[in-house]
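Number of protein chains: 2
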Amino acid sequence: MKINPAYKLLVVSTSTIHGSEFLAYIKQDFVEFIQSDELLFVPFARPSGISFDGYTAKVQDALRDRGITVRGLHEFHNMKKAIQDAKAIFIGGGNTFLLLKTLYELDLVQQLRVQVAKGIPYVGTSAGSNLTGLTIGTTNDMPIVYPPSFDALGFLPFNINPHYLDPDPNSTHKGETRETRIQEFHQINPQPVIGLREGSWLHVNEGNIELKGNLTARLFKAGFEPEELAPGLINF
Amino acid sequence: MKINPAYKLLVVSTSTIHGSEFLAYIKQDFVEFIQSDELLFVPFARPSGISFDGYTAKVQDALRDRGITVRGLHEFHNMKKAIQDAKAIFIGGGNTFLLLKTLYELDLVQQLRVQVAKGIPYVGTSAGSNLTGLTIGTTNDMPIVYPPSFDALGFLPFNINPHYLDPDPNSTHKGETRETRIQEFHQINPQPVIGLREGSWLHVNEGNIELKGNLTARLFKAGFEPEELAPGLINF
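Those sequence lines, one after another, are chains S and V.
Mapping the first sequence onto the working numbering, position 16 (from 1) lands on 16, and the numbers just tick up by one.
Mapping the second sequence onto the working numbering, position 188 (from 1) lands on 188, and the numbers just tick up by one.
Extracted from the complex, chain S is given alone in its bound form (with noise of 0.2 Å):
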């Protein structure tokens, strides 16, 4: 997998962890990872609909005891501007699909793409680790809009699903589990896919990509068995 060497990424699976705050478990590594005391929300997601104002002002308390200052994308007049003036650019979990949705709406998707290739860093929880990817095909959410392409950000040659969930061999329900959902994906796309569970992350830098957290990630090859990957480097 060839990345390219000017990304910084920190692709996260979840903001929250189950018995823990809002970006509380991941905020020493984000803090480290940004290296600004600016940053730029983007909370066009909208979980449960919390208005864009909301949604910043629970990113800022996050972020307020390590001196850092939060603006969301959606208080600018010139969001084009915004995103090139950003030191560092976060993106927020909720719909993907409403994410996605309102990027190409205001025709920001490409401006994200020549800053995240200049070097600036970029943080994705969820929805917004989903834009990493090169669709959105591997999404958990629900179709709620419909958007003019699932095609994402592309940084990463492969797709993300975020929140990945085993199968639970107790369970009676016959909807599909996720692997059988991301085999379904694999009949007619590609990519690789890697399921990130809650409380994992991964952190792109120098065309490196590095598992990190506790727990191994499953990756997921058309053509092939799923296989877990260990914390650390990971090289497929």
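Careful, some of the hints might be misleading.
Pairs involving identical chains hold if they fit within one copy or between any two copies, as the list cannot separate such chains.
As the list claims (entries may be wrong) - In silico lysine to any residue, SDA-like type, Cα no more than 25 Å apart, as pairs:
1. K101 to F150
2. K221 to G175
3. K101 to K174
4. K101 to F158
5. K101 to Y146
6. K174 to F52
7. K58 to I17
8. K174 to S51
9. K212 to H173
10. K87 to E105
11. K174 to N140
12. K221 to Y146
13. K27 to E38
14. K2 to L233
15. K58 to N78
16. K87 to T102
17. K101 to G175
18. K212 to R66
19. K101 to P148
20. K174 to F158
21. K174 to A62
22. K101 to Q191
Just so you know, the hints here were simulated from the structure itself, not pulled from any lab data.
With the hints as your guide, set chain V onto chain S.
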């Protein structure tokens, strides 16, 4: 809710319930409903990537003991005519995005609407049930392909969520529950959603909607608390 009195629909949450063979639990109602020994089966949702022939054979195997002959829509050179000639139509489950994209690409959406409006019995399971609603915006499936629209067949003036799952009070998972997802849907979309648990189905006939099976269904209306619908005639 006004329903076209010509419509004859069986809107089934799942083809298979735990501990039971494909279609077994619903077979008696299915056979009485279609009132025909000929069935046109639409296999395009391709669960787990099964072939069209394989999926059609599975339906034929399940219904052979009732003397029903099953033909797959893919077997016909002129698929529009096959729909026009059908005595009863069954659209099976799998991936809703793949199903709808295929129907649009083959230009069969309008023909299905025309035939069902003439009173041809229509059975849908899972993805095939999603299609009876206004849009596929409440599917549980992964968006493995990009359809030209999320508009479904629109027989019903609401949306279906098949395989409806109640939140697990013991879960530590931070991905959205089904209820949260549907509430996010209602941030954007006005139509009600009926969550059909596995083992439930709607029987639509003469403009009435009857909830069948032993379970209640969950009704979501934008701006209201969800409510439980008891088996029997429903009105909302």
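Exercise. Out of the numbered hints, which ones does the structure contradict?
Worked result: none
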